[in-house]
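Undergrad: Throw the hints in and build the complete structure from the sequences for me.
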Amino acid sequence: MTGLLSRVSPQTLRLLALALALLATILFFATQIEGYLSPRMFNRISTSAAVVLPLAVGQAIVIMTRNIDLSVGSIMGVVAYMAGQSLGALPEMHPVLAVLLCMAIGAGFGALNGLIIAFGRVPSIIVTLGTLALFRSFLVEWSDARTITTASLPQWLVNLPSASAFSIGDLDVRVTVVLALVACLVTGLALTFYRPARRFYAVGSNPDAAVMAGINARRVVLSAFIISGAFAGLSGFLFLAKFGNITVVAGLGFELKSIAAVVVGGVSILGGTGSMIGVLMGALLVDTIDNSLTRWAVVSEFWRDALLGGLIMAAVTLDTLASRQLTRLRKGGTE
Amino acid sequence: MTRFLTPWETGLLAVFLATLAMNASFAPEFLTVQNQINLFQLHIEKIIVALIMTLVIINAEIDLSVASIMGLSAALFGTLVNAGTPGGLAILICLAAGLLAGLVNALLVARVGIPSLVVTLAMLIGFRGLARVLVQDNSLGDFPQWFTDLGQKGLVGPIPLSMLIFVVTLVLLGVTLHRSGFGRQVIVIGTNAEVARFSGLNVARVKTVLFLLSALVSALCGLLYAARLGSVRGDTAVGFELDIITMVLLGGVSIFGGKGSMVGVLLSILIILNLRNGMGLMNITGHMQTGVIGILLIASVLLPNLLADFKTRRRKDA
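From first to last, the protein sequence lines are chains P and B.
Counting from 99, one number per residue, gives the positions in the first sequence under my numbering.
Counting from 413, one number per residue, gives the positions in the second sequence under my numbering.
Certain hints may be false.
Unchecked claim - In silico SDA-like pairs for lysine to any residue, Cα to Cα no more than 20 Å straight-line:
| no. | chain 1 | residue 1 | chain 2 | residue 2 |
| --- | --- | --- | --- | --- |
| 1 | P | Lys340 | P | Leu350 |
| 2 | P | Lys429 | P | Pro221 |
| 3 | B | Lys671 | B | Val615 |
| 4 | B | Lys671 | B | Arg591 |
| 5 | P | Lys340 | P | Ala249 |
| 6 | B | Lys671 | P | Pro221 |
| 7 | P | Lys340 | P | Asn257 |
| 8 | B | Lys671 | P | Leu213 |
| 9 | B | Lys723 | P | Phe217 |
To be verified - Label-pair distances were calculated between CB atoms; the ranges are:
| no. | chain 1 | residue 1 | chain 2 | residue 2 | range |
| --- | --- | --- | --- | --- | --- |
| 10 | P | Leu198 | B | Thr444 | 55 to 61 Å |
| 11 | P | Thr129 | B | Ala711 | 53 to 59 Å |
| 12 | P | Asn257 | B | Gly642 | 45 to 51 Å |
As the list claims (entries may be wrong) - To spell it out: a stretch of chain B is covered by chain P in this simulated footprint if at least three of its residues, at any positions, have a beta carbon under 8 Å from a beta carbon of chain P; those stretches are:
| no. | stretch |
| --- | --- |
| 13 | 458-466 |
| 14 | 515-525 |
| 15 | 532-544 |
| 16 | 570-577 |
Hints are computed from structural coordinates only; laboratory data are not their basis.
In this text the structure is predicted, and so the values were computed from the model without any measurement.
For glycine and all other residues, C-beta sits at the position ideal for the given N, C-alpha and C.
TA: Here is the structure:
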């Protein structure tokens with residue numbers, strides 16, 4: 099047992115446990131809810147997870163650098179609103195341009211966070227707690243109590259959520275899902291193979307060592323927040339596409355959902371570790387539980403938040419205890 | 413005995429006097445006793461929680477779950493009273509529930525060793541979720557008359573119970589922090605937990621006590637809030653943690669622990685209360701006020717940093 103444990107890396111073990119948890123959750127609800135394993139339920143969960151996924155990908159990068167971004171929900175709301183406004187005013191805008199515009203607006207807000215954090219040396223939790231409120235009040239002022247409605251949006255955007263990119267058997271994979279998956283995949287590949295992206299890990303696992311190794315830690319942190327903002331912008335676009343009607347509360351509480359996905363996905367809050375496969379599974383698990391509970395007759399849907407909090411706590415506690423146990427086993431093995 | 417006020421506190425005092433003067437010139441009724449009491453009353457629950465949060469942050473921890481515990485305790489009270497539980501018993505149960513919530517935080521932070529940021533963020537969601545489970549979409553009222561009277565009317569002359577609790581907590585925690593052995597331990601652990609542990613301090617116990625106290629005070633303040641409003645909902649006190657942490661950090665308490673004083677936090681509370689009151693007098697909406705508080709929070713850490721940078725640069729040039 100000890101031999102096996104020391105050969106499999108803790109990261110792999112974590113992912114395996116997560117995959118099992120996801121499988122167990124799906125199987126459990128399949129026995130509880132009639133018609134659970136259906137294309138409809140697949141669509142419901144996949145499109146809902148697609149909105150959170152980019153947010154979680156950005157959050158993961160920030161958390162890898164030992165920071166946290168609590169403002170992503172507010173950024174997402176602002177972007178969804180502004181994008182809805184711009185598309186209402188310029189319905190001729192090319193879809194690709196619209197997505198890029200969303201990411202650019204998000205990146206702008208992220209840059210503001212990043213500049214204060216990296217160059218003002220203010221802890222990220224303080225800055226983003228502040229901008230969480232600030233960006234939201236900005237949205238309230240900006241919107242002037244007006245709502246974006248589906249009627250004002252161009253037709254392609256209204257049709258987007260129900261458009262399928264391709265089908266696997268009965269399962270239709272929506273375009274929005276593909277968009278989110280691509281964002282996750284590209285980030286994952288970059289974090290593995292693209293040298294500058296490895297700096298996020300370096301700065302997170304040991305900031306001092308990273309600086310001594312010639313890495314400009316401030317710039318790395320700044321870019322992490324810009325990326326997080328840009329992905330929050332992408333989520334804002336997906337949110338706008340999915341719901342169509344945008345009020346000032348758009349994206350409220352999504353920062354917690356993104357952190358939940360990231361932490362459940364095995365990204366250490368202490369920085370330096372984490373993988374995009376983990377984040378993907380984390381986002382899926384959180385959303386599967388979220389969406390299944392609303393359909394489950396036994397427990398009222400009001401339990402969602404309580405269970406979400408419990409789930410995050412359980413994931414982190416297990417992770418902490420397991421990795422401690424593992425270190426102890428390893429030490430025992432080498433002696 | 414060091415200086416009476418640190419430079420930061422002197423600055424706060426100046427800002428406080430400035431806001432006071434500005435408000436007084438804007439509205440003549442500002443300086444009346446009733447307005448001053450009202451000004452405290454409007455945010456009294458937050459400022460009481462800010463006092464215990466001061467100790468938690470000086471200890472280099474953070475408790476993001478305070479507002480959710482406030483909501484949970486208020487929701488529990490509403491549920492119990494509407495189910496026919498006598499008010500006094502319901503209060504005791506709510507305080508016990510608060511302690512239990514604090515115990516969960518304390519165990520996970522102090523014993524399991526998970527960063528308090530993560531634990532209390534998860535509990536911010538979890539405890540709020542429990543409050544939602546209890547009251548669902550409803551708004552629960554029908555509190556006993558004496559309960560709402562305690563929240564809304566003066567107890568000693570025009571001074572209500574919550575105000576008295578604030579003053580007592582301020583004095584108690586101020587003395588604990590600055591004049592007691594326990595307070596010393598809080599500060600030492602906040603400065604360097606490793607060194608404190610090797611010096612034989614029981615780090616886990618101090619942290620446990622702080623998280624228990626923080627939750628207990630939050631539960632109490634949840635009840636005060638319920639009494640003042642006369643009803644509770646699932647989102648009662650949601651988002652209060654932002655205001656509370658802002659009050660503490662603006663008071664010059666270091667987010668990295670080890671540094672800070674009750675005097676500073678008291679001054680910062682006074683500034684924020686007067687600022688909000690003043691903005692209210694100028695017809696600035698609640699949302700904008702929250703935005704301003706957000707800026708204040710960032711500025712309270714950013715400005716000292718920039719100032720320090722500026723000083724080092726000047727020293728280098730000289």
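Undergrad: Please go over all the hints and tell whether each is borne out by the structure.
TA: To see whether the hints hold, each was checked on the structure:
1. Taken as a hint, the lysine 340(P) and leucine 350(P) pair is honoured in the structure, with Cα atoms around 15 Å apart against an allowance of 20 Å.
2. A hinted pair counts as satisfied when its Cα atoms are at most 20 Å apart, and lysine 429(P) with proline 221(P) does not qualify at roughly 35 Å.
3. For the given pair, lysine 671(B) sits about 17 Å from valine 615(B) by alpha-carbon distance, which is consistent with the 20 Å threshold.
4. A distance of roughly 15 Å separates the Cα atoms of lysine 671(B) and arginine 591(B); the hinted pair therefore holds under the 20 Å criterion.
5. Straight-line distance between C-alpha atoms of lysine 340(P) and alanine 249(P) comes to about 14 Å, which keeps the hinted pair within the 20 Å bound.
6. The straight-line distance between the Cα atoms of lysine 671(B) and proline 221(P) is roughly 16 Å, inside the 20 Å bound, and the hint therefore holds.
7. Using a Cα cut-off of 20 Å, the hinted pair lysine 340(P) and asparagine 257(P) holds, with the two alpha carbons roughly 9 Å apart.
8. Taking the CA atoms of lysine 671(B) and leucine 213(P), the gap is about 25 Å. The hint is violated against a cut of 20 Å.
9. In summary, the hint linking lysine 723(B) to phenylalanine 217(P) is supported, as the alpha carbons are separated by about 16 Å, within the 20 Å threshold.
10. Range check, leucine 198(P) to threonine 444(B): Cβ separation about 56 Å, and the 55 to 61 Å hint holds.
11. As the Cβ distance of threonine 129(P) to alanine 711(B) is approximately 55 Å, the hint placing it in 53 to 59 Å holds.
12. Distance hint check for asparagine 257(P) and glycine 642(B): the Cβ-Cβ separation is about 48 Å, which falls inside the suggested range of 45 to 51 Å.
13. Coverage of the stretch 458-466 of chain B by chain P is violated. Counting CB-CB distances below 8 Å, 0 residues qualify, and the rule asks for three or more.
14. For the stretch 515-525 of chain B, the stated coverage by chain P holds: 3 residues have a C-beta nearer than 8 Å to a C-beta of that chain, and at least 3 were required.
15. Remark: the stretch 532-544 of chain B is confirmed as covered by chain P, as 11 of its residues place a Cβ nearer than 8 Å to a Cβ of that chain, reaching the required three.
16. Under the rule that three or more residues need a Cβ within less than 8 Å of chain P, the assignment of the stretch 570-577 of chain B is violated, with 0 such residues.
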